[in-house]
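> Sequences listed follow chains A and B, in order.
All residue numbers for the first sequence refer to numbering that gives the first Met the number 0, where the first residue is 0 and numbers rise by one.
All residue numbers for the second sequence refer to numbering that gives the first Met the number 0, where the first residue is 0 and numbers rise by one.
Misleading hints may appear alongside valid ones.
Derived SDA-like pairs: lysine to any residue, alpha-carbon spacing no greater than 20 Å straight-line [as the list claims (entries may be wrong)]: (1) A/201 <-> B/114; (2) A/201 <-> B/62; (3) A/201 <-> B/130; (4) A/201 <-> B/89; (5) B/154 <-> A/220; (6) A/201 <-> B/109; (7) A/201 <-> B/97; (8) A/201 <-> B/182; (9) A/201 <-> A/177; (10) A/201 <-> B/105; (11) A/201 <-> B/151; (12) B/182 <-> B/133; (13) A/201 <-> B/128; (14) A/299 <-> B/151; (15) A/201 <-> B/218; (16) A/201 <-> B/106; (17) A/299 <-> A/316; (18) A/201 <-> B/111; (19) A/201 <-> B/154; (20) A/177 <-> A/90; (21) A/201 <-> B/108.
What the hints contain is simulated information worked out from the structure, not anything from laboratory work.
Predicted model only: the values in this text are computed from it and were never measured.
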Amino acid sequence: MSSARFDFIPLVLLAAIALGALALIGSPATWVTLTVAGLAMGLLIFIMSSGLTLVFGLMDVMNFAHGLFIAVGAYVAASLVRLFPAQAGSESFAANLVALAPALLAAMAAAGLLGLFFERVIIRPVYGQHLKQILITTGGMIVAEQLIHVIWGPDLITLERPGSLRGAILFGDVALEKYRLAAVLLGLAVFVGLAVVLNRTKIGLLIRAGVENGEMVEAMGYRIRRLFIAVFVAGSALAGLGGALWGMYQEAVTVAIGAQMIVLIFIVIIIGGLGSVTGCFVGALAVGLLANYVSYLSPKVALGSNILLMVIVLLWRPRGLYPAGGR
Amino acid sequence: MAEPLLALAGVQTHIGRYHILQGVDFAVPNGELTMLLGRNGAGKTTTLRTIMGLWRASQGSIRFEGADVSALSTPAIADLGIAYVPESMAIFAGLTVEENLILAARSGPLDSARLDWIFGFFGALKKFWHLPAGLLSGGQKQMLAVARAIVEPRKLILIDEPTKGLAPSIINNLIAALAELKKTATTVLMVEQNFHAARSLGDSVAVMDGGRIVHAGRMADLAADAALQSRLLGLSLDAHQ
Ligand SMILES: Nc1ncnc2c1ncn2[C@@H]1O[C@H](COP(=O)(O)OP(=O)(O)OP(=O)(O)O)[C@@H](O)[C@H]1O
Ligand SMILES: [Mg+2]
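Taking the hints into account, I'd like the entire structure generated from these sequences.
Structure below.
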């Protein structure tokens, strides 16, 4: 993510997807609506996946339970929003914040704590062993999903959007949902925040250096495992935040929310280049846009189109759009 | 003789099922530059990695300032004041020259007087200060790798084949820089295949073969003894230069 010599070529991919869709869709108003929806979805996926890509990049850890943090964030947010029905439903954004802020913070805290537990208890014993990581994190997720059933019940629970963010704003004949615009703003804020941390702070430099060569980071005297735990917890908290926001986007939470998103998340971090937050950002936007355009044009092939996108990107750049560390 | 800064005794290292170091004994005198020589595959890199804790010694002791460090973690070993320049250089390609050095400066912000001293022999680093290190040339990457090790004063610097693959003019540049470093009485353990570099910089020397030390002494004595050179290294130092 170095500011100098930024590689702009992958952005052509985003432009190609957007312009290709414009040609196929025809109606500019529909296209704008779908584009905003795609960007909102992409940015929410980015929030959910940024931690996972760093976790893989830093310690080569395959965490298949990442979807769990998404689900827990969504459920915790849903439970808290219900405690403040008047504030959540109010038309005033300030009143909404009274419900929203604790809900989102609690979602992050719960997911982060669960992440800490997962890292210490489930992942630490299998550092460096991919097959065991896949098996044990998948197993951990199944157990945890059962616990979610026990706590929140098997049925879908609703998670309404805050009152001030319901409905759409009209620009001429273009209708833009307020919540999607808010999701775009929040997603961009998270991206900028991560970029600042990764580029302007010593811990960010260490994370980027560790993704490239963890052994050398240790030989310089830094404890990479501590760094990894911090990244794991922060990434889990972000997944919780993303889960809460995605639940509101869909206005419902089910235990499958994590499993639904994890496929797209893996596609995103592979497209982006494992370990690269910039790549994750561009990949998430590409996946979000494509998913929305295709589900409008031909709903049945939506997931297939993203898998196709991944294949095309990997044929073009086998290590993803922004291979971490390699030049 | 005063107590050496670093002393290895009977060090054995296994990598997987291979028994690579088979009892390595040698000492690095304080304030000197010690050359570690040996054919390809002799175990020089493995020795440096074992000192850094990147491989675990299965037997023997590694004493630094008198205390055994062979059970310490790599960061704990680095904390003792030991810096490592690996054979692969391991610069962080996506980070700028400046960012690489910021990370190397453990104790605080970069010291500008120290940087000016480094720029005095590695001017390219100043010129490309804001460039991602991955875009540097091979010689400039090596300069950065060495600069990271000396950006703050350290007690011991381990350098693995810094001249490997570099053009003669750059090698001379590196030799001059290491000669400057020697003036600060920093202790260095350096692996080197370039005989000109080895002879002009080395105070003491240890020669490895087959995972053991087969000769240890003064560099000047080895440089003066062509028969010993060819017996130990398979060819004469002079023939190579
Ligand atoms: N990761 C590894 N796995 C297995 N064997 C290894 C590994 N690393 C080194 N070796 C073996 O250990 C022996 C010593 O290797 P080492 O790299 O220490 O030699 P060297 O003296 O540094 O050689 P060179 O001059 O070529 O750098 C070699 O036979 C090498 O094949
Ligand atoms: Mg070597």
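> Each hint should be assessed against the structure and marked as holding or not.
Against the structure, the hints:
no., hint, verdict
1, A/201 <-> B/114, "19 Å, holds"
2, A/201 <-> B/62, "32 Å, violated"
3, A/201 <-> B/130, "18 Å, holds"
4, A/201 <-> B/89, "19 Å, holds"
5, B/154 <-> A/220, "14 Å, holds"
6, A/201 <-> B/109, "13 Å, holds"
7, A/201 <-> B/97, "12 Å, holds"
8, A/201 <-> B/182, "32 Å, violated"
9, A/201 <-> A/177, "37 Å, violated"
10, A/201 <-> B/105, "11 Å, holds"
11, A/201 <-> B/151, "17 Å, holds"
12, B/182 <-> B/133, "31 Å, violated"
13, A/201 <-> B/128, "17 Å, holds"
14, A/299 <-> B/151, "61 Å, violated"
15, A/201 <-> B/218, "42 Å, violated"
16, A/201 <-> B/106, "12 Å, holds"
17, A/299 <-> A/316, "28 Å, violated"
18, A/201 <-> B/111, "18 Å, holds"
19, A/201 <-> B/154, "24 Å, violated"
20, A/177 <-> A/90, "12 Å, holds"
21, A/201 <-> B/108, "11 Å, holds"
Checked against the numbered hints above, the structure violates hints 2, 8, 9, 12, 14, 15, 17 and 19; every other hint is satisfied.
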